[in-house]
Each structure stands twice: as C-alpha cells, then as structure tokens.
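Generate the whole structure from the sequences, applying the supplied hints.
Residue numbers (the numbering used here), protein chains in the order written: chain A, 1 to 149; chain B, 1 to 728.
Read the hints as simulated data drawn from the structure, not as lab findings. Keep in mind that this is a model prediction, so the values were computed, not measured. C-beta: ideal position from N, C-alpha, C; glycine also. Don't take every hint at face value.
[To be verified] Straight line, CA to CA, 27 Å or less: simulated BS3-like cross-link-like pairs of lysine-lysine:
id: 1; chain 1: B; residue 1: Lys533; chain 2: B; residue 2: Lys8
id: 2; chain 1: B; residue 1: Lys412; chain 2: B; residue 2: Lys424
id: 3; chain 1: B; residue 1: Lys278; chain 2: A; residue 2: Lys145
id: 4; chain 1: B; residue 1: Lys153; chain 2: B; residue 2: Lys278
id: 5; chain 1: B; residue 1: Lys8; chain 2: A; residue 2: Lys86
id: 6; chain 1: A; residue 1: Lys86; chain 2: A; residue 2: Lys70
[What the hints assert, rightly or not] Quick list of the computed label-pair ranges, beta carbon to beta carbon:
id: 7; chain 1: B; residue 1: Asp61; chain 2: A; residue 2: Ala146; range: 43 to 51 Å
id: 8; chain 1: B; residue 1: Pro59; chain 2: A; residue 2: Leu61; range: 29 to 37 Å
id: 9; chain 1: B; residue 1: Thr458; chain 2: A; residue 2: Leu55; range: 54 to 62 Å
id: 10; chain 1: A; residue 1: Leu61; chain 2: B; residue 2: Ala539; range: 55 to 63 Å
For reference, the chains in residue letters:
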Amino acid sequence: MMRVSFTVNGRTYEVAAQPMKRLLDVLREDLALTGVKEGCGEGECGACTAIMDGLLVLTCLVPICQVEGKHITTIEGLAASGHLHKVQQAFLEKGGSQCGICTPGMILSAAYYLDHPDETRDIREALAGNQCRCTGYTKIFESIKAASS
Amino acid sequence: MTFQTIGKSLRRKEGILKVTGQSVYADDIRLENCLYGKTIRSTVPHGHIKEIHFKDGIPWDEFTIVLPSDIPGRNAVTLIDAQQPFLAEREIRHVAEPVALIAHPDKHLVEKARHHIQVDVEDLPAVLTMEEALERNNIFKSYLVQNGDPSEKWREADVIVEETYRTGAQEHLYIEPQAMIAKAVTGESVTVWGSMQCPYYVQKALAPLFGLSPENVRIVQTETGGGFGGKEEYPNMIAGHAALLSWKSGGLPVKMIYDRREDMWATTKRHPSKIRIKAGFKRDGTLLALDIDLVLDGGAYPTLSAVVLSRATLHVWGPYRCASTRVLGRVVMTNSVPYGAFRGFGAPQAIYAIEMHMNRAALELGIDPAEIRRRNFLRQGDRMPTGQVIKEEIDLEMMMDRALELSGYHQKRADFEEFNSQGKTQRKGIGLSVFFHGSGFTGSGEVRLASELSMALTAQGGVEIFAANVEYGQGTNTVLTQIAAEACSIDPELVRIHQPDTSAVPNSGPTVASRTTMIVGKLVERAALELRKRLKDPADFENAARQYMAEHGELRITVQYETSNDVYWDDEAYRGDAYAGYAWSCNVAEVEVDAVEYMARATNFVSVVECGRVINPVLAAGQIEGGIAQGIGFALYENVVLEQGAMKNNQYTNYIVPTSADTPDIHVEFIEFPHSNPGPYQAKGIGEMPIDGPAPALGSAVAHALGGRFINELPLLPERIMHALESS
Chain A
1 MMRVSFTVNG RTYEVAAQPM KRLLDVLRED LALTGVKEGC GEGECGACTA
51 IMDGLLVLTC LVPICQVEGK HITTIEGLAA SGHLHKVQQA FLEKGGSQCG
101 ICTPGMILSA AYYLDHPDET RDIREALAGN QCRCTGYTKI FESIKAASS
Chain B
1 MTFQTIGKSL RRKEGILKVT GQSVYADDIR LENCLYGKTI RSTVPHGHIK
51 EIHFKDGIPW DEFTIVLPSD IPGRNAVTLI DAQQPFLAER EIRHVAEPVA
101 LIAHPDKHLV EKARHHIQVD VEDLPAVLTM EEALERNNIF KSYLVQNGDP
151 SEKWREADVI VEETYRTGAQ EHLYIEPQAM IAKAVTGESV TVWGSMQCPY
201 YVQKALAPLF GLSPENVRIV QTETGGGFGG KEEYPNMIAG HAALLSWKSG
251 GLPVKMIYDR REDMWATTKR HPSKIRIKAG FKRDGTLLAL DIDLVLDGGA
301 YPTLSAVVLS RATLHVWGPY RCASTRVLGR VVMTNSVPYG AFRGFGAPQA
351 IYAIEMHMNR AALELGIDPA EIRRRNFLRQ GDRMPTGQVI KEEIDLEMMM
401 DRALELSGYH QKRADFEEFN SQGKTQRKGI GLSVFFHGSG FTGSGEVRLA
451 SELSMALTAQ GGVEIFAANV EYGQGTNTVL TQIAAEACSI DPELVRIHQP
501 DTSAVPNSGP TVASRTTMIV GKLVERAALE LRKRLKDPAD FENAARQYMA
551 EHGELRITVQ YETSNDVYWD DEAYRGDAYA GYAWSCNVAE VEVDAVEYMA
601 RATNFVSVVE CGRVINPVLA AGQIEGGIAQ GIGFALYENV VLEQGAMKNN
651 QYTNYIVPTS ADTPDIHVEF IEFPHSNPGP YQAKGIGEMP IDGPAPALGS
701 AVAHALGGRF INELPLLPER IMHALESS
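Printed below as a string of structure tokens:
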C-alpha cells in the first residue's frame with residue numbers, strides 16, 4: 001500500500017492504495033465518484049474519461065501511483081458551481097444523451113475539445129476515443145455545435 | 001388537430017441526472033458486506049462433465065460455491081420453454097456454458113480463484129455450422145408460408161434471379177456491461193436489482209428456480225446503459241446466478257458485474273443467417289414469384305429463437321406485391337453460444353437478403369433499382385403473403401422519391417459512374433433500400449401478453465404511471481410522460497414515472513419489439529382518459545385532481561390491452577395480421593471504396609421514415625440515427641470471429657464498431673400518415689426499424705462502386721471486397 005495525495009474537483013484527498021490500483025477504481029470505490037464508468041477496462045471505450053492536469057485521460061489506464069499531486073476533474077466537478085456547463089446544457093436540449101453511460105466521458109471530451117479546438121481536425125476526430133452505441137453521434141455533434149455558438 | 005405536448009421535443013425526463021453523472025447504474029450501488037460473484041464456464045462446445053476440481057492455493061472455505069445440487073427449485077431458465085439450465089449438470093452444449101458459481105468479499109481474489117478451478121470434460125463431437133445442423137435435422141422451429149405456387153410461375157418469368165445471402169453474428173456492445181445485484185432471504189424470498197429490459201421475465205425465470213411464488217421474487221430495474229435486445233432474456237441467467245449465490249451465502253448481497261471479455265464471450269448475439277432467394281420477374285421488372293429458404297443459427301439452446309425466426313419469416317418478402325410466394329423458415333440447433341434477441345429480431349437479416357436481391361435483379365434486368373421497386377411496391381389495400389391486408393395509409397413511392405430527392409440519388413449515380421470510369425484508387429457508390437418493420441409482438445403475441453398498466457392521481461394534481469417498461473436510453477420516460485400529459489391536458493412536469501419494480505408496477509410486458517410507444521403508450525392514453533372521466537371538471541385536470549385527492553386520498557386505475565376487432569392472427573395456420581402496425585422507411589447510402597486498401601466507408605446517409613405520429617422529434621430522430629450507426633457496423637465492420645462456436649475476438653480492441661470518425665452525416669426526415677394507426681395519437685414503433693435498412697443500402701452502394709460486383713455476405717470486410725475486385 002502507498003499513500004497518494006491529489007485533488008479531485010477542487011478538493012484534496014489522500015488515499016492508501018496498492019500502487020497499481022486503477023484511478024478508475026479509486027474514484028469509484030474510495031471517493032464514491034461513480035460518474036466515471038467502466039465500459040471495457042482496456043482504454044477503448046472512453047466511458048472512464050477524466051481530465052488530469054489539463055489533459056484527457058482514461059482512468060482505467062492510470063495507476064494511482066502516477067496521480068500524486070495531480071489535479072483531476074470528473075463529470076461531478078463540471079457543474080460544481082451549481083450551473084450546468086454549457087456542454088451539459090446542450091446535451092440536455094439537443095438529445096446528446098440517450099442511455100447515459102457514455103455521457104460523462106463524452107461531455108468531458110467535448111468540453112476539452114471546445115477549449116482546445118486546434119488539437120484535432122474536427123469534432124469527429126476529437127470524440128473518436130469515446131464510444132456511444134445509442135446516438136449514432138449525430139445529436140452529440142449537434143449538441144457540441146450548439147454549445148460552441 | 002393541435003396538441004399541447006405531442007410532437008414537441010421535450011427534454012429527456014432523466015436527462016439532468018445523466019449529463020451530471022448522477023444516474024445510478026447497478027455497479028454504482030454501494031452495499032455493505034457485499035460478495036462478488038463469478039461464473040465458472042465450460043471451454044468445450046460439447047461434452048459430459050466428469051469432475052470439477054477446486055485446486056490448491058485458494059482459501060475455498062471462505063468462498064460461497066454453488067453447484068447444480070445447491071439449486072433449491074428447477075434448474076432451468078423459464079422463458080418460452082424451460083430447456084436451458086442455469087448450471088449444466090452433466091451435458092455441456094456450448095463453450096462458455098455456466099457450470100458453477102463462486103463468490104467472495106474480495107473481488108480480486110474471486111478473479112484469481114476462477115483460474116484455480118478445473119472442469120474435466122469428456123469431449124463429444126460438436127455441430128458448429130448451419131449446414132451440419134440441417135443434415136442432422138437439428139431444427140428448433142420451422143415456419144412455412146405459402147401463397148400461390150411459385151413453381152408454376154417460373155415458366156412465365158422472363159428473368160429468374162437466384163442467390164444466397166449470409167450474415168454473421170453481431171454483438172450488442174451496450175456500453176454498460178451486464179450487471180445484477182441479488183439479495184435473498186434464504187428459504188423465503190429473493191430481490192434483484194439490475195440492468196435489464198424485462199423485469200417480469202426475470203421474475204418468471206427466478207420463481208421456479210427457487211420454488212417460490214412470484215410475489216416472493218422482487219425485481220427492480222436500475223438505470224440501464226443500453227440493451228439493444230442483449231438485456232432482454234440474458235439477464236434472467238445472471239439474475240438467477242447472483243440470487244443463487246446470495247441464497248447459498250445465507251442472504252449476503254451479491255454483485256455480478258460482467259467484464260467486457262466475459263460479456264462478449266458468454267452472452268447472446270444476433271443470429272447468423274443463410275437466406276436463399278429465387279425470384280421471377282417480367283422484363284419490365286414486375287415481380288411474379290418468390291421462393292425463399294431462410295435459415296438461422298440458434299446456437300445451443302432455444303432462447304427466443306422461435307420468435308426471432310417468426311419475425312424474420314414475416315419480413316423476408318419486403319414491401320412488395322407478389323401473388324406467388326413460398327417461404328420456408330428454419331432455425332437450427334448447433335453447439336454455438338446461444339443466439340438471442342438483438343434489435344431487429346431477425347428482420348435485419350431478412351431485409352438484407354430481399355433488398356440486396358431486388359438490387360441484383362435490377363442489375364440483371366437493366367433497370368434502375370428505384371424503378372424495379374416502384375413497379376412492385378405494396379399499396380393500401382394490397383395483401384401480404386400471410387393474407388394481411390394493408391389497411392394503413394402508406395405511399396412508398398412518395399417516400400422513396402423524397403429520399404432520392406434529398407440524397408440527389410440520380411445525379412450522384414451518374415456522377416459516381418463517371419468518376420469510377422477514371423480509374424482512380426477511390427471508387428464511389430450509392431445504393432438504396434425500402435423496408436418495413438412490424439410494431440409490437442408478432443402474431444397473437446400481444447393478445448397473449450394481455451399487458452396491464454396503472455395510473456394514479458398525485459396530490460400535486462398530476463399523475464403517476466405504473467409500468468414495467470424500462471428506460472434504457474430509447475426514451476420511455478419522456479414519451480410516456482408526453483402521452484399522459486396530452487391525454488390529461490396537464491404540464492408534463494406533473495407526470496411521474498414509477499421505477500420498474502415488480503412489487504409496485506403491474507406487468508405491462510417486456511421492453512422489446514418496438515412495442516413501448518405503440519402498445520404501452522396506448523395503455524397510458526387509455527388510463528389517462530379513464531382518470532379524466534372520474535373527475536368532476538376534466539377540463540381543469542390539475543385542480544380537479546387536487547380536489548379529488550383532498551377529498552378521497554387516492555385514485556388509481558388499471559387498464560388492460562385490448563385488441564382491435566379487425567386484427568386477427570391464426571397461430572395454427574400461421575396466417576393473418578402479423579402486426580397491428582408497420583413503420584416504413586427508405587434509406588439511401590453513399591460509400592467510398594478504396595481499391596488499394598479495399599476498405600469501404602459510409603460517406604452520407606439519408607433516411608425517410610413513416611412511423612405515424614412522431615411523439616418527440618428529437619428522441620425519434622435519435623433512435624433512427626443510432627439504429628443506422630449500428631446498421632453501418634453490421635454492414636461494414638462488426639465481425640464476430642467464432643472459435644468452437646464462441647466469440648474469439650471478445651475485446652473492445654478487436655471488435656470494430658463505428659466511432660464518431662466512421663459515422664457519416666445522417667439525414668433523417670419523418671413523413672407522417674397518422675390516420676389509421678393503432679397507437680396513441682396514431683403513433684407506431686420505431687426502436688428497431690432503423691437497423692433493418694442500412695446493410696442492403698450499403699451493400700448495394702458497394703456493389704455500385706465495384707461496377708456491379710455483388711458481395712452476398714456481411715460484414716463487407718476488406719478481404720471480401722478484395723476477392724470481389726480480383727476474382728472478375
């Protein structure tokens with residue numbers, strides 16, 4: 001076991017965990033932040049997406065030993081001010097969420113894309129790491145366009 | 001007719017919880033003293049169990065272990081029949097068949113322990129193909145539809161086209177894996193919470209497993225992260241396993257959450273198909289006769305295969321008039337992992353075959369694929385081969401013309417042929433499909449289900465709906481709310497939906513078969529109208545309801561499904577009105593095929609849809625778009641590689657589904673003919689229909705890109721495209 005200290009959604013935590021415990025499990029089990037979801041456990045589906053020190057990460061691929069001193073944002077922290085983030089609002093209005101299981105990760109990737117539009121060619125590429133089996137992506141694209149205007 | 005709520009794109013009722021990550025799915029529930037359950041499974045397709053060894057190195061005395069001898073009641077999953085065991089006793093019939101269950105508080109130790117169990121099996125020969133199964137006459141179910149005699153028509157035909165089409169299995173790949181939690185009071189009762197489409201199916205399966213009466217088996221649906229049919233019948237098995245472990249443990253809660261590999265390896269998939277079609281045409285394209293031999297691989301146990309076969313059989317003639325039709329449908333037993341419900345339920349395989357065949361026939365007759373359809377479309381008043389008269393108002397020609405116009409079909413067809421003649425490495429193609437999908441249970445299914453739904457007044461002057469139909473992304477909560485709000489003439493905010501829980505809601509049937517809006521929605525409308533009648537001033541529902549509640553304390557009514565007098569299905573003769581309503585659609589797909597990499601890519605997609613009155617345009621379009629994306633996967637990418645009848649590429653990494661980068665622009669347009677439909681406000685079902693049409697539209701677009709070379713097998717993998725290009 002090792003002790004690791006880090007910040008999630010502006011709050012500092014210290015946890016004792018096996019060094020290779022996945023950040024996904026620490027968030028879900030130790031911190032009860034279940035907005036991160038496990039869809040595949042191998043970094044393909046994007047349901048466990050969070051933002052760590054300003055970068056999108058797949059929390060199923062991040063061992064907790066790499067999280068010391070890091071700043072993490074999960075879906076629970078996006079609307080922390082009491083108001084929905086503009087991407088959340090747009091997903092609600094434009095039908096960007098259906099079953100909802102990919103939604104937290106999708107919204108974080110979409111929010112990241114709006115903050116860093118030049119890192120990828122377009123929305124399609126920006127979201128290619130977040131799988132949705134319900135929407136066919138059309139309403140997700142429409143939501144992000146609405147949020148960016 | 002003007003509406004207050006119907007036809008408006010209300011926000012998803014549970015949307016706030018979903019966009020903020022607060023929705024609670026089964027695995028998000030925290031429990032004290034929880035055990036984690038795992039299923040021990042066979043690794044051979046056929047054999048007899050000799051012995052199960054629990055090897056050294058694991059503290060087995062700390063584990064809860066369930067073997068068939070621990071089962072208190074009947075060791076069989078009760079569904080249509082009761083043939084599939086919860087745990088194999090002696091005979092193993094497929095790879096991944098459950099043979100034992102283990103549970104422990106430490107989830108990592110359970111995973112480790114799994115590898116310390118050895119199942120000794122005496123191998124028996126396995127049947128792994130549909131052809132072998134047919135030779136041995138291993139047939140679960142067959143149907144014959146005969147209308148006229150095609151054999152007398154071949155002489156009259158100017159052109160006879162005969163081809164065989166194959167489709168592979170397809171994995172649902174809901175993003176939330178299968179998940180169940182069970183807590184038993186040993187000897188008395190069982191409660192299950194989990195990810196599912198059909199709470200009452202689970203109750204029906206578990207009561208005999210424990211020898212309990214249904215009231216002592218309580219099933220609660222938790223937020224469900226996609227299903228697509230994969231959470232129709234398979235949850236019965238997992239719920240049974242979790243409950244058996246809890247029962248054996250003396251009543252500790254047990255969580256069974258499948259990881260992705262187990263989910264893909266062990267659970268149901270879409271039935272593989274082999275469909276031979278012989279069709280006779282006049283020179284002008286008039287269809288004279290159809291002779292169809294349709295075979296599905298059912299896998300090792302019957303599951304829902306008989307009804308999947310029925311829906312396939314009843315969709316395989318497509319939306320065309322044909323006076324002489326014979327269809328033989330058979331589903332065979334093999335030693336593959338059992339196939340089960342998947343959105344479309346047999347129709348996507350059938351429609352792929354008939355629609356590819358119409359495109360093939362158009363090529364052989366030298367007429368445009370749109371024109372051959374125009375000559376043969378079903379019209380109001382025509383009969384299908386089962387004798388069903390099309391009573392609904394439908395104009396397929398108008399729908400197809402609209403899709404051709406929206407897509408610029410004719411111009412693009414000519415432009416692409418010109419482009420392809422230039423010999424570049426990219427080739428372009430455009431293709432279409434026209435199809436229908438029956439809403440609700442097949443044949444007499446809805447009569448047998450006899451669904452019940454309750455509605456009660458609330459103290460706030462609204463209503464609460466009590467139904468067993470679940471929200472799993474498709475919009476049940478919102479659509480039923482809109483129907484209730486419209487019928488009561490109240491603000492949708494005043495409509496509550498009770499969580500599906502067998503101890504609190506009546507059995508309004510399973511959440512399957514595109515039935516929720518049309519069948520269950522009609523019950524909502526009827527219940528609402530019945531409540532209105534009981535109020536003094538129904539025009540002011542909210543105040544009247546408040547007043548009623550203040551005076552009487554409660555008002556709850558229950559309504560039951562009623563069939564219409566002019567809808568009748570004869571089970572014995574397998575004839576009559578197969579569905580009370582059909583949704584109709586035309587798809588146009590564009591593709592680019594790379595002649596160096598042999599990859600096909602969808603580049604544009606148009607869908608014109610008729611599903612009666614559209615209750616919520618955003619949600620309805622979302623269903624169509626999502627179904628199309630899944631259909632694109634079925635057509636181009638999704639390749640279940642079988643080894644000994646089980647999925648070998650059972651990882652997200654190795655099973656390719658369309659991502660945001662692979663899904664083209666999808667244009668959906670609704671055309672409403674809402675005059676004679678049986679659903680609430682003349683709405684029909686659309687949940688499954690969108691997955692029926694993309695495969696033949698894309699398949700014929702690829703054939704167009706390849707200069708008329710047809711590939712009769714899905715998915716359209718690069719090696720198949722290469723073979724088609726290089727073999728001619």
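Evaluation of the provided hints:
With a C-alpha separation of about 26 Å, the suggested pairing of B:Lys533 with B:Lys8 holds against the 27 Å cut-off. Pair hint B:Lys412 plus B:Lys424 holds up; C-alpha atoms about 17 Å apart against a cutoff of 27 Å. Under the criterion of a C-alpha separation no larger than 27 Å, the hint pairing B:Lys278 with A:Lys145 is inconsistent with the structure, at around 49 Å. Between the alpha carbons of B:Lys153 and B:Lys278 the distance comes to roughly 11 Å, so the proposed pair stays at or under 27 Å and holds.
This hinted pair checks out: B:Lys8 and A:Lys86 have alpha carbons roughly 22 Å apart, not beyond 27 Å. For the given pair, A:Lys86 sits about 25 Å from A:Lys70 by alpha-carbon distance, which is consistent with the 27 Å threshold. The hinted range of 43 to 51 Å is not satisfied by B:Asp61 and A:Ala146, whose Cβ atoms lie roughly 59 Å apart. At about 31 Å, the beta-carbon gap between B:Pro59 and A:Leu61 stays in the expected band of 29 to 37 Å.
The hinted window of 54 to 62 Å between B:Thr458 and A:Leu55 is violated, with their beta carbons roughly 47 Å apart. Here the CB-CB span from A:Leu61 to B:Ala539 is close to 60 Å, well matched to the stated 55 to 63 Å.
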